[in-house]
Amino acid sequence: MTANPPPSTPEFSPSPKVQAQVAELRELEKQFPVPTWEDVRPDWEWLYAQFGAPEMEPYYYQLVAVYNKQVVGSDPQDELALRIRLSKQYQIHPERFVVSFNG
Amino acid sequence: MPTLPLSTYHPPTLPRVDDPGGAPLVIQLPQFRCLAQLPGVFLPRDAVIDTGSPLTWMPEAIWNRLSAGTDYEVLPWSSGFVPPLGRTAGWNFTFRIARLLQPIRLFTLTSPVELVRDRVIIQLANGNPPGSSRSNAPPRVVIGLWGGVLEDTALRISTDAATGHVTGALEW
Numbered sequence: 028m029t030a031n032p033p034p035s036t037p038e039f040s041p042s043p044k045v046q047a048q049v050a051e052l053r054e055l056e057k058q059f060p061v062p063t064w065e066d067v068r069p070d071w072e073w074l075y076a077q078f079g080a081p082e083m084e085p086y087y088y089q090l091v092a093v094y095n096k097q098v099v100g101s102d103p104q105d106e107l108a109l110r111i112r113l114s115k116q117y118q119i120h121p122e123r124f125v126v127s128f129n130g
Numbered sequence: 006m007p008t009l010p011l012s013t014y015h016p017p018t019l020p021r022v023d024d025p026g027g028a029p030l031v032i033q034l035p036q037f038r039c040l041a042q043l044p045g046v047f048l049p050r051d052a053v054i055d056t057g058s059p060l061t062w063m064p065e066a067i068w069n070r071l072s073a074g075t076d077y078e079v080l081p082w083s084s085g086f087v088p089p090l091g092r093t094a095g096w097n098f099t100f101r102i103a104r105l106l107q108p109i110r111l112f113t114l115t116s117p118v119e120l121v122r123d124r125v126i127i128q129l130a131n132g133n134p135p136g137s138s139r140s141n142a143p144p145r146v147v148i149g150l151w152g153g154v155l156e157d158t159a160l161r162i163s164t165d166a167a168t169g170h171v172t173g174a175l176e177w
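Protein chains in written order, with my numbering: chain A, 28 to 130; chain B, 6 to 177.
Worth double-checking, as some hints may not be accurate.
Calculated pairs, SDA-like style, for lysine to any residue (alpha carbon to alpha carbon, straight line, at most 20 Å) [what the hints assert, rightly or not]:
no., chain 1, residue 1, chain 2, residue 2
1, A, Lys57, B, Tyr14
2, A, Lys96, A, Glu54
3, A, Lys115, A, Ser40
4, A, Lys96, B, Trp96
5, A, Lys44, B, Trp96
Here are the in silico distance ranges between beta carbons for each label pair [unchecked claim]:
no., chain 1, residue 1, chain 2, residue 2, range
6, A, Glu84, B, Ser84, 25 to 33 Å
7, B, Pro25, A, Pro41, 50 to 58 Å
8, B, Pro25, A, Phe59, 52 to 60 Å
9, A, Pro41, B, Gly153, 22 to 30 Å
10, B, Thr164, A, Val99, 28 to 36 Å
11, A, Gln46, B, Thr115, 45 to 53 Å
In short, the hints are calculated from the structure, not lab data.
For each residue, glycine too, the CB sits at the ideal point set by N, CA and C.
Throw the hints in and build the complete structure from the sequences for me.
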């Protein structure tokens, strides 16, 4: 008879990809003025009002990014990549984009 | 009694079924959401109230912005304990348990009321939910039952008389 092997401990390790993305975001954040809650609040309000509207159908089950009351980008899963891409494209602070999941 | 009215999310397309007793029935798919201000993250993140989740948890894309030792402390597993996998729809994940060292603040856009909880215990997921399948959970803060956020609150679920939509509020 053999004893049951001891259960292995599931591994937990920070993702190198996420760590690299966070480092890139921190670098981008240094380059642009820091947005305030007053800056982003209108976009949150706009997005909440838009959820459920037919115009949001193309973004169903995707992360959507809003800037100045417009959907300016989407991604099926990667919020950090979305913020990085849009920050470079619009040349503004990555936190300036309101990002939420439409689904 | 402080009341935090939650935002009700509805997807753009709702299923419809034929009700033998009458008109087609629209199946609502509501989610109760709010905004979560986390320590170390200077603008809020989306959060969903999930009474099916035992713990409050967040994916790595969110918690990686927090600083260990300042914003949270990891609570190590007890000696010899083998932790189970965390599970959410379509995704199993390893995780650590941590305590937030700064308050978490839940609020919405329609009310000045805030739910503020300090030293909350949370689950830090290893990685992010895969997003290629529609059954997988998105990256956001999930507010679960235990750990110090929802305890001693009541979730009131009502129907808006004007729209027929489900509405929710946290009371404490």
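Quick rundown of the hints versus the structure:
Simply put, Lys57/A and Tyr14/B have alpha-carbon atoms about 34 Å apart, too far for the 20 Å limit, and the pair is violated. As the CA atoms of Lys96/A and Glu54/A are separated by approximately 26 Å, the hinted pair breaks the 20 Å bound. Using a Cα cut-off of 20 Å, the hinted pair Lys115/A and Ser40/A is violated, with the two alpha carbons roughly 29 Å apart. A C-alpha spacing of about 33 Å is found between Lys96/A and Trp96/B, which places the hinted pair above 20 Å, so the restraint is violated.
Pair hint Lys44/A plus Trp96/B holds up; C-alpha atoms about 19 Å apart against a cutoff of 20 Å. Here the CB-CB span from Glu84/A to Ser84/B is close to 52 Å, at odds with the stated 25 to 33 Å. For Pro25/B and Pro41/A, the hinted distance range of 50 to 58 Å is satisfied, since their beta carbons lie about 54 Å from each other. Our hint of 52 to 60 Å for Pro25/B and Phe59/A holds, since their Cβ atoms are close to 58 Å apart.
Taking 22 to 30 Å as the suggested C-beta distance range, the pair Pro41/A and Gly153/B conforms, at roughly 24 Å. At roughly 35 Å, the beta carbons of Thr164/B and Val99/A sit within the given window of 28 to 36 Å. A hinted range of 45 to 53 Å for the beta carbons of Gln46/A and Thr115/B is inconsistent with their spacing of about 37 Å.
Going through the hint list in order, the structure does not satisfy hints 1, 2, 3, 4, 6, 11.
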